[in-house]
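*Asks:* Start from the sequences and build out the full structure, keeping to the hints where you can.
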Amino acid sequence: MEINFTHHQTAHCENGVVSNLMKHNGFDVSEPMVFGIGSGLLFCYIPFLKVNHAPAITYRVMPGQIFKRFAKRVGIKIKKEKFKNPQNAKARLDENLEKDNPVGLQVGVYNLTYFPDEYRFHFNAHNLVVYGKQNDDYLISDPVMETVTTLTTKELEKVRFAKGAFAPKGHMYYPIDFPKKLDIESAIIKGIKNTCRDMLAPVPIVGVKGIRHIAKLIRKWPKKKGVKVANHYLGQIVRMQEEIGTGGGGFRYIYAAFLQESSKILDNSALEELSKEMTEIGDLWRDFALEASRIYKNRSAKTDAYNKVATQLEIIADKEELFFKKLKKAI
Amino acid sequence: MKKKDVPQDESGLEKDNIKEICYAVDEKGDYTTIKSTGWDPKTIALDNALQEINERINDAKARVLNGETSPIEYYMECHKMDIGILASYVGKFQWQVKRHFKVKTFNKLSHKMLEKYANVFDISVEQLKNINNGN
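Chains W and L supply the protein sequences, listed in that same order. Anchor point for the first sequence: position 36 equals 35 in numbering that gives the first Met the number 0, and the numbering is continuous, going up by one each time. Anchor point for the second sequence: position 66 equals 65 in numbering that gives the first Met the number 0, and the numbering is continuous, going up by one each time.
Be careful, since some hints might not be right.
To be verified - As a list, the in silico DSS-like pairs of lysine-lysine whose alpha-carbon atoms are at most 27 Å apart:
#, chain 1, residue 1, chain 2, residue 2
1, W, K157, L, K115
2, W, K153, L, K91
3, W, K263, W, K318
4, W, K192, W, K67
5, W, K327, W, K263
6, W, K49, L, K2
7, L, K79, L, K18
8, W, K168, W, K153
9, L, K103, L, K60
10, L, K115, W, K153
11, W, K227, L, K79
12, L, K14, L, K27
13, W, K168, L, K79
14, W, K318, L, K60
15, W, K22, L, K2
16, L, K1, W, K275
17, W, K49, L, K91
18, L, K14, L, K2
19, L, K97, W, K168
20, W, K215, W, K324
21, W, K189, W, K49
22, W, K224, L, K79
23, L, K91, W, K81
24, W, K327, W, K275
25, L, K115, L, K60
26, W, K275, L, K115
If you are wondering where the hints come from, they were derived from the structure by calculation, not from laboratory data.
*Replies:* Structure follows, in structure tokens:
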């Protein structure tokens, strides 16, 4: 059985699944719209959580939050299910496919056989859509892939029941109820307000304060942790920024695209200007990644090089602080 | 980032014919999406992480051959896991998994427990006991 589902490739998995499911249900909502309304943008340093033996930094909200906030703000209802038993999880999935209903799944990346080996890590908050089944193969629309793909029953069970942080426990979700017209305008405003609040939060590890906190740590690492560990940590920051879930730089561009689209919908030219400003900030994040990658590529830990990238981050923090203060006023 | 600046560097994605979507502005300043084959700083960061993992694997292997740790630690590193992840896969506490790294404790493990580890690593119990039989 195969549901007539159109696959659109996106930059980020959760936005992509939501946007694709919305389009399937007749609502043309872009990826940046989902990201902006769902207040996906965030910066948070999580010192007690280690990813690949280095402290975790996230450039986005917790998995599942984007969809949850998006649904609430535009007025759709989603059904979410988790399972203890893989057989039940499979039965519920099959039932939905029989009813012509494509569903979103949260999965672990490590056993996604269609990913290149070097991209397979134990990260459990990836999202994809299942839109059919042929013999033993499930038809998969993974939003970060160019084309649709498949997973066998056994492979799908493995990724749905991956273990560790954010274990998906067979998590399955899909929209069940739609209003006649989505309440986009007020949803955009709520989404923007939420992101401004997060990024300007008076918490030392969140938002612009979190960015400054990391900059300070970077200055200390070479002396405190030694060359090897300092380089590993710095590499990890860049990986989380640029690779694990299209972080910092990439997310800034998606957010800028969201502001540009919103400026037209709300007829607010200030948002168009702020979109340009966010694009420039995105470029600064990329400059930081470029400079940081030079440090650990050479496998040296010269204190002045570390200080230089730390200063770059502090400049970004200052710019973002100003940016989100302006954005708050603009709506 | 301008559309023309979207990096098209070599990366591991290329050999599998995968491209990523990037958001960038076109000549008129409008946002659009464009495909990218990869970006060097990203590839370097990934290589760095993989090199780190390889060092951990080789180090674990040497310690297994030296009788300092059990093969479980070696296979754990091969599968890019840490103790927390492995513990949740076998349904044990972290301290229990750490104990199973001790050669003496490992040699006394029940067949059932060994099978649990072997299943997680997708190998036979024989391969688990002797790393030269593994991957």
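*Asks:* Against this structure, judge whether each hint is valid.
*Replies:* Quick rundown of the hints versus the structure:
no.	hint	result
1	K157/W to K115/L	15 Å, holds
2	K153/W to K91/L	24 Å, holds
3	K263/W to K318/W	24 Å, holds
4	K192/W to K67/W	16 Å, holds
5	K327/W to K263/W	18 Å, holds
6	K49/W to K2/L	35 Å, violated
7	K79/L to K18/L	24 Å, holds
8	K168/W to K153/W	15 Å, holds
9	K103/L to K60/L	17 Å, holds
10	K115/L to K153/W	18 Å, holds
11	K227/W to K79/L	19 Å, holds
12	K14/L to K27/L	34 Å, violated
13	K168/W to K79/L	21 Å, holds
14	K318/W to K60/L	48 Å, violated
15	K22/W to K2/L	26 Å, holds
16	K1/L to K275/W	11 Å, holds
17	K49/W to K91/L	19 Å, holds
18	K14/L to K2/L	23 Å, holds
19	K97/L to K168/W	25 Å, holds
20	K215/W to K324/W	23 Å, holds
21	K189/W to K49/W	32 Å, violated
22	K224/W to K79/L	22 Å, holds
23	K91/L to K81/W	22 Å, holds
24	K327/W to K275/W	16 Å, holds
25	K115/L to K60/L	21 Å, holds
26	K275/W to K115/L	54 Å, violated
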